[in-house]
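Listed below are the residues making up each chain.
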Amino acid sequence: MIDTLIDITLMIFLAVTAFAIIRIRSLFVAIMLFSIFSLHSAGLFVVMDAADVAFTEAAVGAGISTVLMLVTMALTRTEKEKWSTHHAPLPLIVVLITGAVLVYGTYDIPAFGDPGSPAQVHVAPRYLEQSMGEVGVPNIVTAVLASYRGYDTFGEVTVIFTAGVGVLLLLSGRNNRYKRDRDASSGHLRGNSDET
Amino acid sequence: MKHNLILRLIAKYLFPIIALFAFYVQFHGDYGPGGGFQAGVILSVGFIFYAMVFGLKTVEQAVPMSLLRVLASMGVLIYGGTGVASMLMGGNFLDYDLLSQDPVSGQHLGILLVEAGVGITVSSVTLMIFYAFAGRDMPADGEGQ
Amino acid sequence: MIDVIIGHYNYWIVIVLMMAGFYTVISRGNLIKKIVGLNIFQTSVFLLYISIGYVSDGTAPIIAEGFTRYSNPLPHVLILTAIVVGVATTALGLALVIRIKEAYGTIEEDDIHNQDESL
Chain A
1 MIDTLIDITL
11 MIFLAVTAFA
21 IIRIRSLFVA
31 IMLFSIFSLH
41 SAGLFVVMDA
51 ADVAFTEAAV
61 GAGISTVLML
71 VTMALTRTEK
81 EKWSTHHAPL
91 PLIVVLITGA
101 VLVYGTYDIP
111 AFGDPGSPAQ
121 VHVAPRYLEQ
131 SMGEVGVPNI
141 VTAVLASYRG
151 YDTFGEVTVI
161 FTAGVGVLLL
171 LSGRNNRYKR
181 DRDASSGHLR
191 GNSDET
Chain B
1 MKHNLILRLI
11 AKYLFPIIAL
21 FAFYVQFHGD
31 YGPGGGFQAG
41 VILSVGFIFY
51 AMVFGLKTVE
61 QAVPMSLLRV
71 LASMGVLIYG
81 GTGVASMLMG
91 GNFLDYDLLS
101 QDPVSGQHLG
111 ILLVEAGVGI
121 TVSSVTLMIF
131 YAFAGRDMPA
141 DGEGQ
Chain C
1 MIDVIIGHYN
11 YWIVIVLMMA
21 GFYTVISRGN
31 LIKKIVGLNI
41 FQTSVFLLYI
51 SIGYVSDGTA
61 PIIAEGFTRY
71 SNPLPHVLIL
81 TAIVVGVATT
91 ALGLALVIRI
101 KEAYGTIEED
111 DIHNQDESL
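Protein chains in written order, with our numbering: chain A, 1 to 196; chain B, 1 to 145; chain C, 1 to 119.
Hints are computed from structural coordinates only; laboratory data are not their basis. Watch out, some of these pointers could steer you wrong.
To be verified - Residues on chain C that point at chain A, a partial pick, calculated with CB under 10 Å: (1) I32; (2) S44; (3) S51; (4) V84.
As the structure is a prediction and not an experimental result, all values here were calculated from the model. Just so you know, even glycine gets a beta-carbon here, dropped at the ideal spot from N, CA and C.
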């Protein structure tokens, strides 16, 4: 009962934060609200018994993502988003239709927390029962991540390595190009001059 | 920010605690929540916090960018190397059963090595991304909004 | 009807969050706001998956004395990977935003479009 109450309260906080992020014009406030959103969802993960996921979401979402967004905001010198005078109705219609279709699709999902649903009886019982005998590690999530599904984790490490390489390719060339070109031209589009 | 006494003191006290906690999470990932990813992110966030208070140049003197490039690649190599080592012992790729005398301790050793590789790569890549972002020159005054 | 609501309210609120993030991506012109909306969308998708893996009266999937019912570990592993991939794409997206600002002088989608059209 208390679990359900905490669940609903956190979900309401999340929804309020998400709607505030849509409406707010100041970018700094929006990024801070996103960090709060991330932390609340980490709390929700704890309530749903996902300890590892909550750990990672709190560290990554409220830590790294927020810091990178704030640095981008400082480097692009943007503080508010531009206020548009016309609000087209098309995005709202698309969003409402997609939401309605998704809600229609959830009627097939088994009830929340059902221990007999197909997701819980297929391969998960094998991991839960035999991981101590085969792997010997109490944390089953680590056992599945590193041993049973180790190949996927290899791909994930490669993905984050590639992201690091990509950011280096984009951002670590000569930094003074912006100042030099601003002095030379009058601020128009600079075309496709690359850093050489 | 280094003119603020509270921040300076807190950064100096908190940084070793954060680093210790990151190592704890890394090595206790087998017995409780944790593992390579969480530990890597926590370690690099400790460095980022120190860099925000004392300046990027201070941290760059301790952990230069060239070291981070080497560490990032080494993490992926450790992971792949464990897989290749188990292939050399006669099994499939990433088959940890053959890394030691009996399968369970082989699995334990394999998981330890693999999570170490993951932790090294994640911490160095996130710190590298922060260096690339924060080391970019700011645009000159008068531009932007 | 009432037990349909009790069994599914979690999924419906998650869909509301997903649509809020989706609306931010498609209706706002500022590039950083779009990336924030994308991250909201991603986080609510993670909530959906973890809700599917939740077992009532269970505990976290760490084998301990006295517990027999555990949550499904498979969605946890999937979402762990997804979170890390999400931060990788966010970092690359933000690096692109910085370069776009340096090339166009603005990060509002309409102004970039106008600059491209007036060439």
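Hints and how they fare:
| no. | hint | verdict |
| --- | --- | --- |
| 1 | I32 | holds (6 Å) |
| 2 | S44 | holds (8 Å) |
| 3 | S51 | holds (6 Å) |
| 4 | V84 | holds (6 Å) |
Violated hints: none; the structure is consistent with every hint.
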